[in-house]
Amino acid sequence: MADPMRIRAQAQGDKAVVRVLMSHEMETGQRKDSAGKTIPAWFIQEVTASLNGSPVLTAQWGTAVSKNPFMQFTIRGAKAGDKVSVSWVDNRGDKRTDEATVA
Amino acid sequence: MRRGLLVRSGAWAMATLLAGAAAQAQKNTADGIAEYRKMLEDGNPADLFEAKGEALWKQKRGPKNASLESCDLGKGPGVVKGAFVELPRYFADTAKVQDLESRLVSCMQALQGFDGAAIAGTPFGRGEQDNVTALATYVAAASRGLRFSLPQGHPEERRLYEVGKRVFYFRGGPYDFSCASCHGEDGKRIRLQDLPNLTKNPGDGVGFAAWPAYRVSNGQMWGMQLRLNDCYRQQRFPYPGFGSEVTVALGVYMGVNAKGAESIAPAIKR
Amino acid sequence: MRRRMMLKRGAEVAAALAAAGLWPAGAHAAWAQQAFDAKGFAEALKALGARTPQESKDVTLTGPDIAENGAVVPVACACALPGVKRLVLLVDKNPNTLAAVFDVSDAIEPQFATRVKMAQTSNVYAVALMDDGQALFAQKEIKVTLGGCGG
Amino acid sequence: MHTIQLPAVPALVVTACGIIGCASMPSSSELDQQARAAIKASFRDQGIAKVDRLNQDLGQRACSGPTPPSPEVAQRIEADALAGIRWPESGRYLGDWREGEKLAQNGRGLTWTDTSAAPRDNGASCYNCHQIDKKEISFGTIGPSLWNYGKLRGVRDPGDAAAAPILQYTWGKLWNSKAYAACSNMPRFGHMQLLDEDQLRHLMALLLDPKSPVNQ
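Chains as they are written, first to last, in my numbering: chain R, 1 to 103; chain U, 104 to 373; chain C, 374 to 524; chain P, 525 to 740.
None of these hints come from the bench; they were simulated from the model.
The beta carbon of each residue, even a glycine, is placed where N, CA and C say it ideally should be.
All the pointers check out, no bait thrown in.
Partial list, derived from the structure: chain C residues whose beta carbon lies under 10 Å from chain U: (1) Thr435; (2) Gly436; (3) Pro437; (4) Ile439; (5) Ala440; (6) Glu441; (7) Asn442; (8) Ala444; (9) Val445; (10) Pro447; (11) Ala486; (12) Arg488; (13) Thr518.
I would like the entire structure built from these sequences, with the hints used as guidance.
Structure (structure tokens):
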């Protein structure tokens, strides 16, 4: 199981700005280890987010997204106290979901 | 006379233009790098390691199944805030001057029953060594914004400063480099990498006041021990032991020189 | 080997269906394999089912002029026009050009920021795929320098 | 069960000194010795980087401090260095500037993560410290700019006699930088076998060949 994400969600007027940091190697499959063997691709392919349970975001990522990825997006119609949950799935099927409260 | 003047002033103007262009290109590069770094500050992956370190600090682990919440980092058992900006310092229980990472290993051994020597011998980024880095990130973050003020009251602390200074200037290896070859003067750069002058206070958030830091180039969290280790690798020196006297002495030398500088650790670096 | 080919073929069929909008949106949206495997700006967009893109000042791409290191390059894409279906980030000279695809809905602002890897100095694109099938883009060259002493 | 009580006594003395904080700091020469001992005890071999790299020659030792060595010592370092320079066989000073540019860009070689210590596998790391070809914006500033190095020194034809002193100085500086500055920060590429003669000739061409981009 990967380490938890860091999610910061700040209310701004009737919106919430969400900043997410995910702990993931994001291997491109192009790198070789010190013994010269290619390190297989291992990266987050799909990211979804929801506000109080209803989906607001779907994104698909390729191998170009940086290691320990950062993402920022803004949800409409959100206020302090609402629950934002973010989930990712990688190409090995590993999953992670974490939640934060809009401040 | 008029024509001569014209020609000469034309040439002079051209020269300034050229010089200006070169300086302009140079300024743009430095500005460009500063702009790039600014964009990364918000959302530093070091936060992930800080959270992991906080969990490890509180979690009961090791043969003695104990947490680190009673570990004395120099300001009393369990006191984390402010500890980072006063390290390395002398510890009576180990009768040694220790930096943050070697002190954490001492606590992991005394409180949790881990084998300190085994941790020190583990390569960076693996096993408990990875946890030491996360713990160091957590402890450093608790002092963000505070100013460095290493104690120099104990004779061992003063002695280590002098030893550290001599180690800093020690030239050797196939390239004849010392730390001072790169960090001995103001305004120097390796490629586009600014080099702080570590023989004096380099200023807020610079040099000693910026590590542990998250390195974007390899996506790794580095404590000061790994930072010094890789410096010596590029200095073409042999391998400095984790927590060895040389690394702690350099920490005292740089930490005391940084007196009054504001800590921005954990920072984000190339 | 055969099994992997079957998997790849199946994914391609799914991607094609998805691109043509026939893939049921509710189901787990299949990862756009073909688009993410594509080489070059035009091929990647075609694999996403987009028409030939036009440059438009209504799409904004934010990013540094110079990246001290290609491993982490902060980029953001936005489009204020109504009717944006997807916002897409591409790095022209990367081995696989397509970097990220963000679906836009009325629950979310059409602006996203993330960080991408760049193999070398290259043009970076932000593309808005509109509901009516149009593809509008903004581009910017980001210089990647060799930091440190490379030792 | 014969145990020796002796060790307890000295420990007591040390702690006592610890508590009352002995005012007397060891002398400077004692501290020098303690620093060398600390260095000897702190490093170990790793890959091709062995601890013998810590053994200092006269120049390294004399330049290991914030203050430069005395003029006499400096002169001796420079004289020894100059005497040790091996000049290129049959006076062939220049190679291919294109190879020179590659060497100048390459920062690899001789670290414990490098497998071979042979000169041909080493880079020269020039851009780490110098500006050389203006097209490269990522250059260092520890050393002076080498842009237009040959042009500024009026080298139009490296073959003619007028250029000889410049060629010799540059070769000598690359072979052993201490021949002209006792505590130079520049590695001694020839003397320490970091680069072989062919590689040095390529760097010479990058700096002095009128056709090199550096001299446009």
